[in-house]
Amino acid sequence: MRPEHWMFTIPLRLRSLFRWAQADQELDDELRDHLERKAEEYFAKGIAAEDARRRARLDLDGIEQTKEKCRDARRVNWIQDFVQDLRVGLRMLRKSAGFSAVAIATLGLGIGATTAIFSIVNAVLLSPLPFPKPDRLVRIAFNEPGLGLRDVPFSVPELDDLRNRAGVFKDVSTIASNSVNLTGADHPERLEFLVTHSNYFSMLGTTPQIGRLFGPQDFALGFAPVVVISDGLWRRAYGADRNVIGRTVRLDNDPYTIIGVLTPGFRHPGPTVSGNVEVFNTAGFSGYPAPPPVRGTRFMPAAIGRLKPGITLEQAQARLTAMAIQIRHDYATNYPARAQWTIEIQPLQEALVGNVRPMLLVLLGAAILIVFIVSLNIANLLLARASGRQQEMAVRSALGASGGRMIRQMLAESTLLSAIGGVAGVLTTVGTLGLILRLVPSNIPRLNEVRIDWVVLAFALAISVLTGLAFGLAPALQSAKTALSSAIREGARGPGYGAKTGRLRDALIVSELAFAVVLMVGAGLLLRTLRDLLQENPGFNPTQVVAANLSLPEPNDPKTDSYLSIAQQTSFNRELLRRMRAIPGIELTAITSDLPTTDLRFDYAQAIGALAIEDCPVESSLDLRAERIRISPDYFKVIQAPLLRGRLFTEGDEDGKQPVAIIDETTARKYWPTRDPLGRRLQFGQDPTEPRVMVVGIVKDIKNDGLDIAGIPHIYVPIYQSLHKNISVVLRTSLPAKILEPQIRHEIQSIDPGLPVFNISSMNDVLDRSLASRRFSADLVGGFAGVALLLASIGIYGLSAYMVGQRSREIGIRMALGARRWDVLKLILGKGVVLASVGIVAGVVVSAATASMMASLLYGVHPHDLLVFLAVPLLLFAVAVLASYLPARRAANVDPIFALREV
Amino acid sequence: MLTSVTEDMEMSKPSDLVQGTLDMLLLKILALEPMNGFAVSQRLKQVSGDVLQVSDGSLYPALHKLEQEGWITAEWKTSEHGRRAKYYSLTRLGGRQLEKEADNWGRLSGAISRVIKLKEA
Numbered sequence: 005m006r007p008e009h010w011m012f013t014i015p016l017r018l019r020s021l022f023r024w025a026q027a028d029q030e031l032d033d034e035l036r037d038h039l040e041r042k043a044e045e046y047f048a049k050g051i052a053a054e055d056a057r058r059r060a061r062l063d064l065d066g067i068e069q070t071k072e073k074c075r076d077a078r079r080v081n082w083i084q085d086f087v088q089d090l091r092v093g094l095r096m097l098r099k100s101a102g103f104s105a106v107a108i109a110t111l112g113l114g115i116g117a118t119t120a121i122f123s124i125v126n127a128v129l130l131s132p133l134p135f136p137k138p139d140r141l142v143r144i145a146f147n148e149p150g151l152g153l154r155d156v157p158f159s160v161p162e163l164d165d166l167r168n169r170a171g172v173f174k175d176v177s178t179i180a181s182n183s184v185n186l187t188g189a190d191h192p193e194r195l196e197f198l199v200t201h202s203n204y205f206s207m208l209g210t211t212p213q214i215g216r217l218f219g220p221q222d223f224a225l226g227f228a229p230v231v232v233i234s235d236g237l238w239r240r241a242y243g244a245d246r247n248v249i250g251r252t253v254r255l256d257n258d259p260y261t262i263i264g265v266l267t268p269g270f271r272h273p274g275p276t277v278s279g280n281v282e283v284f285n286t287a288g289f290s291g292y293p294a295p296p297p298v299r300g301t302r303f304m305p306a307a308i309g310r311l312k313p314g315i316t317l318e319q320a321q322a323r324l325t326a327m328a329i330q331i332r333h334d335y336a337t338n339y340p341a342r343a344q345w346t347i348e349i350q351p352l353q354e355a356l357v358g359n360v361r362p363m364l365l366v367l368l369g370a371a372i373l374i375v376f377i378v379s380l381n382i383a384n385l386l387l388a389r390a391s392g393r394q395q396e397m398a399v400r401s402a403l404g405a406s407g408g409r410m411i412r413q414m415l416a417e418s419t420l421l422s423a424i425g426g427v428a429g430v431l432t433t434v435g436t437l438g439l440i441l442r443l444v445p446s447n448i449p450r451l452n453e454v455r456i457d458w459v460v461l462a463f464a465l466a467i468s469v470l471t472g473l474a475f476g477l478a479p480a481l482q483s484a485k486t487a488l489s490s491a492i493r494e495g496a497r498g499p500g501y502g503a504k505t506g507r508l509r510d511a512l513i514v515s516e517l518a519f520a521v522v523l524m525v526g527a528g529l530l531l532r533t534l535r536d537l538l539q540e541n542p543g544f545n546p547t548q549v550v551a552a553n554l555s556l557p558e559p560n561d562p563k564t565d566s567y568l569s570i571a572q573q574t575s576f577n578r579e580l581l582r583r584m585r586a587i588p589g590i591e592l593t594a595i596t597s598d599l600p601t602t603d604l605r606f607d608y609a610q611a612i613g614a615l616a617i618e619d620c621p622v623e624s625s626l627d628l629r630a631e632r633i634r635i636s637p638d639y640f641k642v643i644q645a646p647l648l649r650g651r652l653f654t655e656g657d658e659d660g661k662q663p664v665a666i667i668d669e670t671t672a673r674k675y676w677p678t679r680d681p682l683g684r685r686l687q688f689g690q691d692p693t694e695p696r697v698m699v700v701g702i703v704k705d706i707k708n709d710g711l712d713i714a715g716i717p718h719i720y721v722p723i724y725q726s727l728h729k730n731i732s733v734v735l736r737t738s739l740p741a742k743i744l745e746p747q748i749r750h751e752i753q754s755i756d757p758g759l760p761v762f763n764i765s766s767m768n769d770v771l772d773r774s775l776a777s778r779r780f781s782a783d784l785v786g787g788f789a790g791v792a793l794l795l796a797s798i799g800i801y802g803l804s805a806y807m808v809g810q811r812s813r814e815i816g817i818r819m820a821l822g823a824r825r826w827d828v829l830k831l832i833l834g835k836g837v838v839l840a841s842v843g844i845v846a847g848v849v850v851s852a853a854t855a856s857m858m859a860s861l862l863y864g865v866h867p868h869d870l871l872v873f874l875a876v877p878l879l880l881f882a883v884a885v886l887a888s889y890l891p892a893r894r895a896a897n898v899d900p901i902f903a904l905r906e907v
Numbered sequence: 079m080l081t082s083v084t085e086d087m088e089m090s091k092p093s094d095l096v097q098g099t100l101d102m103l104l105l106k107i108l109a110l111e112p113m114n115g116f117a118v119s120q121r122l123k124q125v126s127g128d129v130l131q132v133s134d135g136s137l138y139p140a141l142h143k144l145e146q147e148g149w150i151t152a153e154w155k156t157s158e159h160g161r162r163a164k165y166y167s168l169t170r171l172g173g174r175q176l177e178k179e180a181d182n183w184g185r186l187s188g189a190i191s192r193v194i195k196l197k198e199a
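Protein chains in written order, with my numbering: chain P, 5 to 907; chain U, 79 to 199.
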């Protein structure tokens, strides 16, 4: 059409749209006018008035049809039809208010839960990191694949190579997480602390809320005397005072000046211990207290960088790999060939969220399954209603409604239902998102970015539309296909359980059951994993043990460090133990540097140091690694870990005496496979001046690194023979942690008031917390599975009840003709059993095929675990049989006279 | 349906003509003078010598379509009998459409005539 034609017709079309009622009235008037004139014409020709009017009407072929054709001629029809459909749909929903309420409620819950989980998936997995050009940011790792190690620490010259030699980075910064004691305030507090190079903030493109961030002027060989604090700390400790810039804060007894406050939304894009880094510092890592910056001294834990513009990740990786080979060649003494030291970069977002992706996707999948099941239930109910409306459809068809029109009408109804359900869902999400975020385990990163934005709303819309189509299409197509004649012929009773309708409904029930099976199997596997882990023997007895953490300060100036030497630390430790023992109710006390399952470091490679074992040839000793744990003599007694051979530490194993060690079974098996380790000597680190340590005992393996982690060798050394500042005190007591907390704090702070004491809890709670993430997924999927089971059983019950209702006449006749109760039961129950079997088998097949996708979330449980794959079908079958039995029982108990009378 | 009826009404069968032809005829009738729907069908019957008759069931949908396309416009007037009636008239756009369709029709009918008049070999 030509443009001006379009413009001219728009007012006409709009008029059709908005003044529809008036236009409709005019159409009516026009046709009546025509009829009168025609009748007059006939009258003038001599035909009687009555006849004339009848002829005129006949000539018109039916007023309603003609009107409909005229309306069709105005091509804006579909909008008007749609609006009318919506109005009718609304009326129908109001008529069956009970059904509508249930449908909207279940839809709302399903869509709400899915949208909530999607909002988390969107913020954590899909959105780019909140920094400028976030795809240029990478995490840098140094690996030794020849020894099977990833993320090994690195040295200052190695970092300089990245900066100067590689030519791929615009900026590179070390990141070192730690915790510090905040002193000088009301009470000492333990804060999470991040040390970086001075370009950290400029690399991330961050701007401060108040003051300034680090810049080149803050370069220092050691730690620069300036800090940037988080918004959270600013509000908590300084009451959001805008004059906080320039104030001094004491961290580990060292004074730092606050130069800036970050914006509330800023999060360090890396793993955090407790949720957020509160204090940022910068250092050059080349002066005290850092060790001398030589290539072989590797102490820096992690690094991030920003790639230069124009270079792709693959190109950068290729260059770094080549550079690594070159470096290995140039400095052969520092890089044993066997290790195959190399550099790896990974997009920062991937590094941050990669390991929570499987869990989140499983949760999203489970939620979507629930929405499917809800839709199937509603579809079934709508189908049941549709078959009751076949007469209505037939009459409308006679009045001129086309098949397409009727389909559109049914779709409008279900779209309305799903739209209202979708709105209810979004409201549910909005109302409960805060609550849900609190329940989500805090080790999921980027939770602060979760919000309901337009992407999430679009998702909710898409899900609503899909569910609307899913449960609308079936009954709509069904009703449109209904033959006119057969529907009217059915008589006053209403149509029976038509064969076609029945098949579709059966298919829906079977699908529902299959989905329910998939969910239940998933939940079963996760719950079994959780249960197994909870029952897993941690290698010690955690009941009646209370633990508390404390940290001795590490000031930069050694002169202010009152815990510098072994003698000072030993004296503190002994005093600590003495005071703890003095608390009434405490039976035994001990200290450890690594409380089981609370690894405050993030990579085992950093915790694991190199070993050299006496009597082992030099080349093969390069790959010897073990985790070193410092303990006081009574440690194994407190946690009741059995000693297998040799002896425990005594008070006599202190500084100046023969250094000793106790190893665990894994270490013994790995490093002394053929010989007795007792009496043998080893040494930590490659430096030949390191003292030789003698093995004096072997203990049973303890799950120190996590209930689901095994196989890491541990070597225990006396705390009196080593320097360590982050310790946990463990107490064997029958008193609960809550009661002991104030006393513990008091005692420790009497020794040194500047020491924060934190995380005082029972050992059982500590172990539970380590499983928080798994518990969350298992509980959530378990909840979904329960809902799925409920919905599936409601579906079967409804089907059965409907069958009974429709066939009550038939049942009455059968019983009158001599059928027994059992025969009737068999009739109704048979259907339920068949459907259940088909659905369950289908579900088991699908589960078996897809269970291996969940493998990364399981521990000690095979994805095709026999117990789960047997229990779930049996349970579902039993429930399905019960659900079809209940209405069947009612039918079988009815007096046949009543059934017949209802005809 | 627009039917073409030969002189002997009892023995003839209606033949269908294309919808577009009906549109063209209606436009032409309205080009002569504005009138209401009933009058249009009467006039068409009259000027074609009873050959072309529009069934009532097709007339009004066709008129509404023409109105939707903007080729005719309608006005409600009080008729001779004191009733309100809808009177259609041709628009400028309609006039152009009529010209176009008349041209097409001329070309089409000319071609058909030429074929029919071919002498058998």
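No lab work stands behind these hints, which were simulated from the structure alone.
Glycine included, each C-beta is placed from N, C-alpha and C at the ideal position.
Take the hints with a grain of salt, since some may be wrong.
[As the list claims (entries may be wrong)] Where chain P lies over chain U, by a calculated footprint (3+ residues, C-beta under 8 Å):
# : stretch
1 : 110–116
2 : 162–170
3 : 182–193
[Unchecked claim] Here are the computed distance ranges between Cβ atoms for each label pair:
# : chain 1 : residue 1 : chain 2 : residue 2 : range
4 : U       : Gly188    : P       : Leu94     : 54 to 62 Å
5 : U       : Lys123    : P       : Ala466    : 40 to 48 Å
6 : P       : Leu94     : U       : Ser157    : 35 to 43 Å
7 : P       : Asp33     : U       : Ser191    : 39 to 47 Å
8 : U       : Lys123    : P       : Phe47     : 17 to 25 Å
9 : P       : Leu94     : U       : Ser191    : 57 to 65 Å
- Which numbered hints are broken by the structure, listed smallest first? 3 and 5
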